[in-house]
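Given the coordinates of chain A, assemble chain C onto it according to the supplied hints.
2 protein chains.
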Amino acid sequence: MPTRPDPVAAADDEARALARSLIDGATHAALAVTDPADGTPGISRIALGRAPDGGLLTLVSALAPHHAALKAHPACAVMLGEVGAKGDPLTHPRLMVKARASFIAPDDPARPALRDHWLIHHPKAKLYVDFGDFAFVRLTPLSALLNGGFARAFRLSPEDLG
Amino acid sequence: MPTRPDPVAAADDEARALARSLIDGATHAALAVTDPADGTPGISRIALGRAPDGGLLTLVSALAPHHAALKAHPACAVMLGEVGAKGDPLTHPRLMVKARASFIAPDDPARPALRDHWLIHHPKAKLYVDFGDFAFVRLTPLSALLNGGFARAFRLSPEDLG
Numbered sequence: 001m002p003t004r005p006d007p008v009a010a011a012d013d014e015a016r017a018l019a020r021s022l023i024d025g026a027t028h029a030a031l032a033v034t035d036p037a038d039g040t041p042g043i044s045r046i047a048l049g050r051a052p053d054g055g056l057l058t059l060v061s062a063l064a065p066h067h068a069a070l071k072a073h074p075a076c077a078v079m080l081g082e083v084g085a086k087g088d089p090l091t092h093p094r095l096m097v098k099a100r101a102s103f104i105a106p107d108d109p110a111r112p113a114l115r116d117h118w119l120i121h122h123p124k125a126k127l128y129v130d131f132g133d134f135a136f137v138r139l140t141p142l143s144a145l146l147n148g149g150f151a152r153a154f155r156l157s158p159e160d161l162g
Numbered sequence: 001m002p003t004r005p006d007p008v009a010a011a012d013d014e015a016r017a018l019a020r021s022l023i024d025g026a027t028h029a030a031l032a033v034t035d036p037a038d039g040t041p042g043i044s045r046i047a048l049g050r051a052p053d054g055g056l057l058t059l060v061s062a063l064a065p066h067h068a069a070l071k072a073h074p075a076c077a078v079m080l081g082e083v084g085a086k087g088d089p090l091t092h093p094r095l096m097v098k099a100r101a102s103f104i105a106p107d108d109p110a111r112p113a114l115r116d117h118w119l120i121h122h123p124k125a126k127l128y129v130d131f132g133d134f135a136f137v138r139l140t141p142l143s144a145l146l147n148g149g150f151a152r153a154f155r156l157s158p159e160d161l162g
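Going down the list, the sequences are from chains A and C. For what it's worth, my numbering labels the leading residue of the first sequence as 1, then goes sequentially. For what it's worth, my numbering labels the leading residue of the second sequence as 1, then goes sequentially.
Chain A with its partners taken away, still in its complex shape (with noise of 0.2 Å):
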């Protein structure tokens, strides 16, 4: 097979731009998981959105699949980026973030401000975000991906996000 171009841009302005408007845009995400069961990828939709301090956080209840698949491999990847109404689905842009899981603690000190914060942009989640079988868990970026359209994508790192 002869060698390909890296069909991969290097971030400019641009692709950061776009890249934290879909995010700051975003109050869910796709989110890919090994699951725990036999190592095979799981996916789930998750609540998304920032924390005080511009990270990326969700929110998940303990019965859900994730929750047990991000407590045995924290690893995992999230996908956000809605499809508009018009046009190839595959044109419309998205940001795709791998990145490391870590719960907040029922306890945390941290806890009390993601929950404030949490509530102005998912202001639904009253109805549980205090549940004892929800936890918020950060999702700290490692790189990602912006796919802007076809021939059109960018790769990131974490800073590029902020």
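Calculated from the structure, these hints are not laboratory results. There's no promise every hint is true.
You can't tell identical chains apart in this list, so a pair holds if it fits in one copy or across any two.
Capping the alpha-carbon separation at 25 Å, the derived lysine to aspartate or glutamate pairs in DMTMM-like fashion look like this [unchecked claim]: (1) LYS86 to ASP116; (2) LYS126 to ASP53; (3) LYS86 to ASP160; (4) LYS124 to GLU82; (5) LYS124 to ASP88; (6) LYS71 to ASP133; (7) LYS126 to ASP88; (8) LYS71 to ASP38.
Just chain C now, with coordinates in the frame of chain A:
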């Protein structure tokens, strides 16, 4: 930790009908794969449709990271079902399917029928469906989970999706 009741119910006719309608209405999905570089989860947006026999099908570019991932690790998971504009995003139904990927060779005698059927539901794909670096990939379901909103989860078999 005390034993919890299983939060996932067996499929009923309503769950089967919802799962099938989500598939029938889907033109794209989120795909979870195993990244061949390091074995961690990867995630991508893919085009999705049914094959003429009702099975799940996608069309992928060899330039997409999930192409190499599926070649190396055919076990994957797809999620479909859009989030509506209103309410908590986690109350909108979505279907998660664990599947096994198999690539359709360019000279596979089945390809012309797959291609023609695909273009009915993905008309914009006629711009690239015949490019040499695009391949159809069957995603054969192994099991599925339907989440119809909080506390409304159902386990489905491959037959339930047909």
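Results of checking the hints against the structure:
Proximity of LYS86 and ASP116 under a CA criterion of 25 Å is satisfied inter-copy only: 22 Å between copies versus 36 Å inside one chain copy. Proximity of LYS126 and ASP53 under a CA criterion of 25 Å is satisfied intra-copy only: 21 Å inside one chain copy versus 45 Å between copies. For the identical chains of this complex, LYS86 and ASP160 are neighbours neither inside a copy (29 Å) nor across copies (30 Å), given an alpha-carbon limit of 25 Å. Proximity of LYS124 to GLU82 under the C-alpha cut-off of 25 Å is found in both arrangements, the shortest distances being 20 Å within a copy and 18 Å between copies.
Taking the shortest alpha-carbon separations for LYS124 and ASP88, only the inter-copy value of 6 Å comes in at or below 25 Å, while the best intra-copy value is 32 Å. Taking the closest pair of Cα atoms, LYS71 and ASP133 come within 25 Å of each other only inside a single copy of the chain (14 Å); across copies the shortest separation is 38 Å, beyond that limit. Taking the closest pair of Cα atoms, LYS126 and ASP88 come within 25 Å of each other only across two copies (11 Å); inside a single copy the shortest separation is 36 Å, beyond that limit. Taking the shortest Cα distances, LYS71 and ASP38 sit within 25 Å of each other both inside one copy (15 Å) and across copies (19 Å).
Hint 3 alone, counting from the list given before, is not met by this structure.
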